[in-house]
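**Student:** Please arrange chain B on chain A, whose structure you already have, making use of the hints.
Number of protein chains: 2
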Amino acid sequence: MKILIVYAHENPASFNGTLKDLAVETLTQAGHEVKVSDLYSMKFNPIAGRHDFTDLSGEEFYKYQAEQSSAASTGRFARDVQEEMDKVDWADFLLFQYPVWWFDMPAILKGWVDRVFAAGYAYGGGNMFDKGLLKGKRAMCSVTTGGPEAGYPDPDGNLMRNVQFGRLYFCGMEVLPVHVSFSAAHLDDAERQAYLDSYRKRLETIETTKPLEYPTLAEMGLG
Amino acid sequence: MKILIVYAHENPASFNGTLKDLAVETLTQAGHEVKVSDLYSMKFNPIAGRHDFTDLSGEEFYKYQAEQSSAASTGRFARDVQEEMDKVDWADFLLFQYPVWWFDMPAILKGWVDRVFAAGYAYGGGNMFDKGLLKGKRAMCSVTTGGPEAGYPDPDGNLMRNVQFGRLYFCGMEVLPVHVSFSAAHLDDAERQAYLDSYRKRLETIETTKPLEYPTLAEMGLG
Numbered sequence: 000m001k002i003l004i005v006y007a008h009e010n011p012a013s014f015n016g017t018l019k020d021l022a023v024e025t026l027t028q029a030g031h032e033v034k035v036s037d038l039y040s041m042k043f044n045p046i047a048g049r050h051d052f053t054d055l056s057g058e059e060f061y062k063y064q065a066e067q068s069s070a071a072s073t074g075r076f077a078r079d080v081q082e083e084m085d086k087v088d089w090a091d092f093l094l095f096q097y098p099v100w101w102f103d104m105p106a107i108l109k110g111w112v113d114r115v116f117a118a119g120y121a122y123g124g125g126n127m128f129d130k131g132l133l134k135g136k137r138a139m140c141s142v143t144t145g146g147p148e149a150g151y152p153d154p155d156g157n158l159m160r161n162v163q164f165g166r167l168y169f170c171g172m173e174v175l176p177v178h179v180s181f182s183a184a185h186l187d188d189a190e191r192q193a194y195l196d197s198y199r200k201r202l203e204t205i206e207t208t209k210p211l212e213y214p215t216l217a218e219m220g221l222g
Numbered sequence: 000m001k002i003l004i005v006y007a008h009e010n011p012a013s014f015n016g017t018l019k020d021l022a023v024e025t026l027t028q029a030g031h032e033v034k035v036s037d038l039y040s041m042k043f044n045p046i047a048g049r050h051d052f053t054d055l056s057g058e059e060f061y062k063y064q065a066e067q068s069s070a071a072s073t074g075r076f077a078r079d080v081q082e083e084m085d086k087v088d089w090a091d092f093l094l095f096q097y098p099v100w101w102f103d104m105p106a107i108l109k110g111w112v113d114r115v116f117a118a119g120y121a122y123g124g125g126n127m128f129d130k131g132l133l134k135g136k137r138a139m140c141s142v143t144t145g146g147p148e149a150g151y152p153d154p155d156g157n158l159m160r161n162v163q164f165g166r167l168y169f170c171g172m173e174v175l176p177v178h179v180s181f182s183a184a185h186l187d188d189a190e191r192q193a194y195l196d197s198y199r200k201r202l203e204t205i206e207t208t209k210p211l212e213y214p215t216l217a218e219m220g221l222g
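Top to bottom, those sequences are chains A and B. Anchor point for the first sequence: position 211 equals 210 in numbering that gives the first Met the number 0, and the numbering is continuous, going up by one each time. Anchor point for the second sequence: position 222 equals 221 in numbering that gives the first Met the number 0, and the numbering is continuous, going up by one each time.
Excised from the complex, chain A in its bound form (with noise of 0.2 Å):
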């Protein structure tokens, strides 16, 4: 498979850095093709406006929605927005590594789904969720969290779904379970160790894990 690692943290050295080193690495062994996009390294502009179009479109009254709409089947997106979208082209899985900040994304990564998911790119006039325009391609979310597991409880539910139902699926993607390391800052090595072997597990089982069950659109009676 080809696929791109979207990552979100400052420093190279942490646990989030670590467990991107680790899917990297086992990743490629395993024979994918294996894409980097470290935000922070990149400087990524997670601010969402006039400056993600080569053009507008000329409508009188500014709406950004329709801009990206009117972007996607003219080819004016930002070199920057437009990189992103090649990367997720070429992709046939998206791996996000992020800290949970504030129970979501830290800004910079949920700037690149506000920016490069794009209306009329990944979703848009009914397309969604079962017929996303992402479709055909799978996602899961490795994510660290401050607090310690009873403060999660059912993480694919409580925790994660306002991203894996709300934006992933919602774009047409496959979404696997996420692999959260809780406590990430107050670990011991053992612990560290056990949540390297977990994650390294769910890596080298990527093609075989059931993605979560949603609802179609049809079945949310809004198909």
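The hints are simulated quantities; they were obtained by calculation from the structure and are not laboratory data. Ideal Cβ placement from N, Cα and C applies to all residues, glycine included. Do not take every clue at face value.
Unchecked claim - Far from chain A, by Cβ distances over 12 Å, these chain B residues were calculated:
1. Asp85
2. Trp89
3. Asp113
As the list claims (entries may be wrong) - Below, computed lysine-lysine pairings styled on DSS-like, alpha-carbon distance capped at 25 Å:
4. A:Lys42 x B:Lys62
5. B:Lys34 x B:Lys1
6. A:Lys42 x B:Lys42
7. B:Lys34 x B:Lys136
8. B:Lys34 x B:Lys200
9. B:Lys130 x B:Lys1
10. A:Lys1 x A:Lys62
11. B:Lys136 x A:Lys62
What the hints assert, rightly or not - Label pairs and their calculated CB-CB ranges:
12. A:Gly125 x B:Phe60: 41 to 51 Å
13. A:Lys209 x B:Thr215: 33 to 43 Å
14. A:Asp88 x B:His50: 30 to 40 Å
15. B:Gly146 x A:Pro210: 16 to 26 Å
16. B:Arg199 x A:His50: 29 to 39 Å
17. B:Ala189 x A:Asn10: 47 to 57 Å
18. B:Glu59 x A:Ala193: 20 to 30 Å
19. B:Thr215 x A:Ser182: 19 to 29 Å
20. A:Asp155 x B:Asp91: 33 to 43 Å
**Tutor:** Just chain B, lined up with the frame of chain A:
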């Protein structure tokens, strides 16, 4: 009351801009003092990082959250962060105006939370939820959505929980129910006016509206 409006929309002519202007006008007329953090106009940097601090703590291993705690105890936040903290300190009431993107805040506002609701300043050392460090303040969100109301049953629960419970209440604030303008981009004039009227009523009653009921730390078994 002293009210800080944190506003995240690129286009002043948008419905979000109109709602923000309505809030400034209505709250001022009611005798409140109002300040606005207009994040797009300010070109607020949403990326959390070393630049958040005038000096680092000197710890060998750089950890962002630990640097926040250290900076909070010795006053070493960078100017853009400190200016927002000064406004939060000044305010009795925080009002957030933004469009819901991907079930959460636009990245420019998510990054405001990442950087301004810092460890040691807004929470930390066991001080969270009913013991959060912003205790005594109230907060409320006014949001717009792309989709219709049917897609968001129980907005205070399913749409806004991460923001209202996981951020505002986590830092100790009382949270008033969200005001949602659904399908903001597809309203006719009468529908727009109905949302403006209902929002004005909410603004006129912020001193008497009952906050959402959330469990205390002790009730969650964490205290």
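**Student:** Given the hint of 33 to 43 Å, check if A:Asp155 and B:Asp91 actually sit that far apart at their C-beta atoms.
**Tutor:** Holds, since A:Asp155 and B:Asp91 (Cβ atoms, about 39 Å apart) stay within the stated range.
**Student:** Are the Cα atoms of B:Lys130 and B:Lys1 separated by 25 Å or less?
**Tutor:** Since the Cα atoms of B:Lys130 and B:Lys1 sit roughly 22 Å apart, the hinted pair holds (cutoff 25 Å).
**Student:** Starting from A:Lys42, check that the Cα of B:Lys42 is at most 25 Å away, please.
**Tutor:** Holds, at roughly 16 Å.
**Student:** Hinted pair, alpha-carbon criterion (25 Å max): B:Lys34, B:Lys1. Please report holds or violated.
**Tutor:** Answer holds: B:Lys34 to B:Lys1 is near 8 Å, not above 25 Å.
**Student:** Regarding B:Gly146 and A:Pro210, is the given constraint of 16 to 26 Å on their beta-carbon distance met?
**Tutor:** 24 Å, holds
**Student:** Within 33 to 43 Å or not, the Cβ separation of A:Lys209 and B:Thr215?
**Tutor:** 39 Å, holds
**Student:** Using the Cβ atoms, figure out if B:Arg199 sits within 29 to 39 Å of A:His50.
**Tutor:** 34 Å, holds
**Student:** Holds or violated: B:Lys34 with B:Lys200, Cα cutoff 25 Å?
**Tutor:** 20 Å, holds
**Student:** When you look at the beta carbon of B:Asp113, is every beta carbon of chain A farther off than 12 Å?
**Tutor:** Incorrect as stated: the minimum Cβ-Cβ distance to chain A is 5 Å, not above 12 Å.
**Student:** Starting from the range 30 to 40 Å, see whether the pair A:Asp88 and B:His50 falls in it by beta-carbon distance.
**Tutor:** The hinted range 30 to 40 Å holds for A:Asp88 and B:His50, with Cβ atoms some 33 Å apart.
**Student:** Is it the case that B:Trp89 keeps its Cβ farther than 12 Å from each residue Cβ in chain A?
**Tutor:** 23 Å, holds
**Student:** CA of B:Lys136 to CA of A:Lys62, is that 25 Å or under?
**Tutor:** Violated: B:Lys136 and A:Lys62 sit about 34 Å apart, past 25 Å.
Hint compliance for this structure: hints 3, 10 and 11 are not met, and every other hint is.
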